[in-house]
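Engineer: Going line by line, the protein sequences match chains Z and H.
For what it's worth, the working numbering labels the leading residue of the first sequence as 1, then goes sequentially.
For what it's worth, the working numbering labels the leading residue of the second sequence as 1, then goes sequentially.
Keep in mind that the hints were calculated from the coordinates and are not lab data.
Treat the hints with caution; some may be incorrect.
[To be verified] Derived contacts from chain H toward chain Z, CB cut-off under 7 Å, selection only:
(1) SER216
(2) ASN217
(3) SER414
(4) TRP469
(5) GLY506
[Unchecked claim] Pair by pair, the computed Cβ-Cβ distance ranges are:
(6) Z:SER340 <-> H:THR39: 16 to 26 Å
(7) Z:SER330 <-> H:ALA9: 57 to 67 Å
(8) Z:ALA290 <-> H:ARG415: 16 to 26 Å
(9) Z:ALA341 <-> H:GLY91: 52 to 62 Å
(10) H:THR39 <-> Z:GLY130: 29 to 39 Å
(11) H:ASN419 <-> Z:GLY130: 54 to 64 Å
[Unchecked claim] What the simulated footprint calls covered on chain Z by chain H, stretch by stretch (three residues with Cβ under 8 Å from a Cβ of chain H suffice, anywhere in the stretch; the number is not a length):
(12) 97-103
(13) 106-118
(14) 234-247
Note that beta-carbon positions come from the ideal geometry of N, C-alpha and C, so glycine has one too.
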Amino acid sequence: MIRTNRRTGLRLMALLAGTCALALTACSSSSSSSSGASSTPASSATAAAATASAASKVTLVVYSAQGYDSAMTKAFTAATGIPVKLDDNSTGPLLTQIEASKNNPNWGLLWVDGATAFAGLDTQGLLLKGFEPSVAWNSLGTQSVPSDKSYTPTGVTLMAALAYNKNKVKSPPTTWQQLLSAQWKGQVGMNDPSQSGPTFPFIAGMMNYLGGVGAGETYFTKLKANGLIIHPTNGPTLQALTSGQINLALVQSSAAIGAALGDKSIGISYLNPVTLLPSAIGIDAKAPAAEQAEAEKFIEFVLSAQGQKVMQSGDPTGDSLYYPVIQGVSPLAALPSLASATTQSINPYTWGPQEATINTWFDSNIVR
Amino acid sequence: MPLFWLLLACFILAPCACFLLLAVSPRLFGQGGQWFTLTYLHQALTGATAVAIVNSLWVSSAAAVMGVAIGFPIAWLVARTTLPGRRFLPGAMWLVLLLPSWLPALGWERIVQPDGVMYRLGLDWPWVTHAIMGPFGVVLLLGLRCVPFSYLAITAALAGLGQEFEDAARVHGASRVAALRLIIPILAPAIWSALAIGFAESISDFGVAATLAYNSNFSLATYQLYAAIGNFPPSFPLAAGMGWLLVAAVAIPLALQARALRGRSYAVLSGRTRLAVRRQLRGWSQAGATAGVGLFFVVALGVPGFGAVSASLLADYGGSFKLTLANYHALFAQTNLAAAAGGGLLSPIERSLGYGAVTATITVIGGFIAARMLARRRTRATGALDFLLLASVALPGVVFGAGYIFAYNLPIMSRLGINLYQTVTLLIIAYTAASLPTNARVLVGAVSQLQPSLKDAARAHGAGAVIAWARGVLPVVSRPIVMAWLFTFCGVFLELPLSQLLYAPGSPPTSIAIEDNLSNYHFGVGMAQAVLAVAICLTAVGVVLGGYRLLAPAGWRRIGSAIGGGRG
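Just chain Z, same shape as in the assembly (with noise of 0.2 Å):
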């Protein structure tokens, strides 16, 4: 009896120390782990030079979508010793983590693709304004900061790049009307914009490019009627193009020219007028001065020539695919040349407030 009692016991207290163990170790890695962002710097000597520094630091809290943040945010503690708490999430939890928090925000800086949601925030006067770091911009650049300076371009895509079979398209078309021509029915592909953050501003620019929302409100309507076919985001309108349910997609650049590094058959142009759409970082205007302070050090950084080879290097088949923002920074060799392009940017102070009217008017009626 004495000896089931004792091993029944045993068994207990095994059960229990592996759990307890399991939750030591888990507690044990998330705890290291969640330092690891903020204190891995590249070589042991900046390692103690920036633990040594850190002490005397408030830590900057960067929300973030982008594919290169994880390697960017460890660059920048190796190099300036402030230690850094990276939330990498899609722009969607981000900002709406943002707008739940902003009685009581503890971001500090955020860093997405878009500047429709930054003239949101800005509007609401969530943004630091007046911060412009000292670069030398190129034209894409200049035609990105906004009058107020409440947030910074660090690079751009365009949307929409124009993606096809080139086995199956040998001259694809040159211009976005001729899309709407029964040459290309049921041959269209693009993303929907209530899924596809990048998709509105594409949308907002036809419409700002052709005179309004009711002329772009046509276009798109005649699109459908000739066959466009609507995919969640960029991926899967990709996946649709490789397959041959499609032959052109409009996608992100990025996008785009990420599947054709992998897919040799994939083929690339640009319509005239295409649309940027910057990544761009924004402070938190209710943040301590010192971490604004650190944010905008922050953006010194990534937009140095150090940062810009992070930025090109952390993510090469994604997000790196960017143009840069700086003068004598050229993109990566698989970017075509923007030469022959006609860009446009659109004012997201004009634009951004009609999103969701917009995305409304385009699920009812193009989506489905």
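Got chain Z sorted already, so can you dock chain H onto it with the hints?
Structural biologist: Chain H in isolation, oriented as in the chain Z frame:
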């Protein structure tokens, strides 16, 4: 007990209440100018949101009924017949339960979509695409998800139902069908419970709503709610208005359940309960039963598994349709790249294993206490607990997440020095709160069969309270507890909406890392990572079940298998 109620109030009631309050008083949380308004509730009842709510109501009802219609026969076949391979079925049923709902949805989509695997294999069946990518497919997937809940509830009830009732009916000349008509009403509490949890789980499901349903242009309430939050700028008050409707919807099955069971006794377990005799299946009945059960598992596990694995084995977005390990190579290259920069993609997996283990341990303790309260005689307190738990099942994870931000990131909290938002502590609390209601429901079947005499007997023989519980009660419920632990563990391991809103910056869990790949155009790599994560999760399940088999005394396993389902 007061402490338990306090914890429930702080961690389930408060975040839900804060979020729901937003619908009528947005200004309270800085989300608008009105202190009191009914505009958002009105908006939730009109236009596209009203259509989505109606869709959700009928789809969830159909899914819950389908869950019972499939779960009941399988439970009966496993408990009462000599069905071949029946000892593996409880484990397979747990596997269905453990998979996140988006995985089967993506797997099915991958196969039947216009350029999917089915067409590439030369099967030109547009009617299948039409059927799956529409309301039928949505009901099918949600219904399959309800089957394990029905199976567990009915298995537990069947275990306590002795042979004497069937014998009595047969002695009086009843046919097998007539005997079944006698048994079904006796099992009414389990069936109603299965319908209620199936309905609540389906109406709150986001995985199917955001994938198959959305891509089929069939809008469901949870997706509309998500869109209200996900659009920029988000409308939290409108989302809260829809939250009210979801909570109200849960009251429907609960009210029906209460009405159906009122004033009746279903106590069937006694000292004279006779062991049920297994019916020999032969010939056509055996073939038919085996084929039916086999078909269920092919549809529930085989097809989505094939879809997900094949997606991870096709490079270049599936263009060439050649199987390759390129995505897995890319995943490890990505891991090496991240490791070189000082982190690693394996660390999110390690982290999620830890989060899952800690959360599951806390949840099972809380779930057991809640299940005991629910299993007792119905009072106002247990009625309120039942509604609170089921209502919180009906609220999608994104509501919980936003509710936690509103409740625990108020400026006053910071002034009091309580800074819980975006800490691992709050994330684990939120995981626990979101898992507890379903966990309690899974355990209630087993716990309701416990007689106080089990513990009393041990106490009478001189054992202390803890030893009496460990020796009298634990052996009977050890297997259900292990299974409930695994259920929570797997749920947390791949949980997405709460993680997105609440994870501690710098410490991304697995689901965030997968989502990061899927949303950054690395679709194949993301699927490879998802397959790898599910494989790791299932390995952990295997390790725990193996450990239970090795460490638990044979008696525990024998007693527990009657009510817990699942054989390692």
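Engineer: None of the hints should be skipped; say for each whether it holds.
Structural biologist: A quick look at each hint next to the structure:
Interface hint at H:SER216: violated, since its Cβ lies 11 Å from the closest Cβ of chain Z, which is beyond the 7 Å cut-off. The beta carbon of H:ASN217 is positioned within 7 Å of a beta carbon in chain Z (closest approach about 5 Å), and the interface hint is therefore held. A cut of 7 Å between beta carbons decides the hint on H:SER414: the least distance to chain Z is about 6 Å, and the hint holds. The beta carbon of H:TRP469 is not positioned within 7 Å of any beta carbon in chain Z (closest approach about 11 Å), and the interface hint is therefore violated.
Checking H:GLY506 against chain Z: minimum C-beta separation of about 4 Å stays under 7 Å; hint holds. Distance hint for Z:SER340 and H:THR39: a CB-CB separation of about 51 Å, inconsistent with the stated range 16 to 26 Å. As the Cβ distance of Z:SER330 to H:ALA9 is approximately 60 Å, the hint placing it in 57 to 67 Å holds. Between Z:ALA290 and H:ARG415 the Cβ separation comes to about 20 Å, which falls inside the hinted range of 16 to 26 Å.
As the Cβ distance of Z:ALA341 to H:GLY91 is approximately 58 Å, the hint placing it in 52 to 62 Å holds. Separation of H:THR39 from Z:GLY130 is about 37 Å and conforms to the stated range, judged on CB atoms against 29 to 39 Å. The hinted range of 54 to 64 Å is not satisfied by H:ASN419 and Z:GLY130, whose Cβ atoms lie roughly 29 Å apart. With 6 residues carrying a beta carbon less than 8 Å from a beta carbon of chain H, the segment 97-103 of chain Z meets the three-residue requirement, and the given coverage holds.
Coverage of the segment 106-118 of chain Z by chain H holds in this model, with 3 residues showing a Cβ closer than 8 Å to a Cβ of that chain against a need of three. Beta-carbon proximity to chain H at under 8 Å applies to 11 residues in the segment 234-247 of chain Z; the threshold of 3 is reached and the given coverage holds.
The earlier numbered hints that this structure contradicts are 1, 4, 6 and 11.
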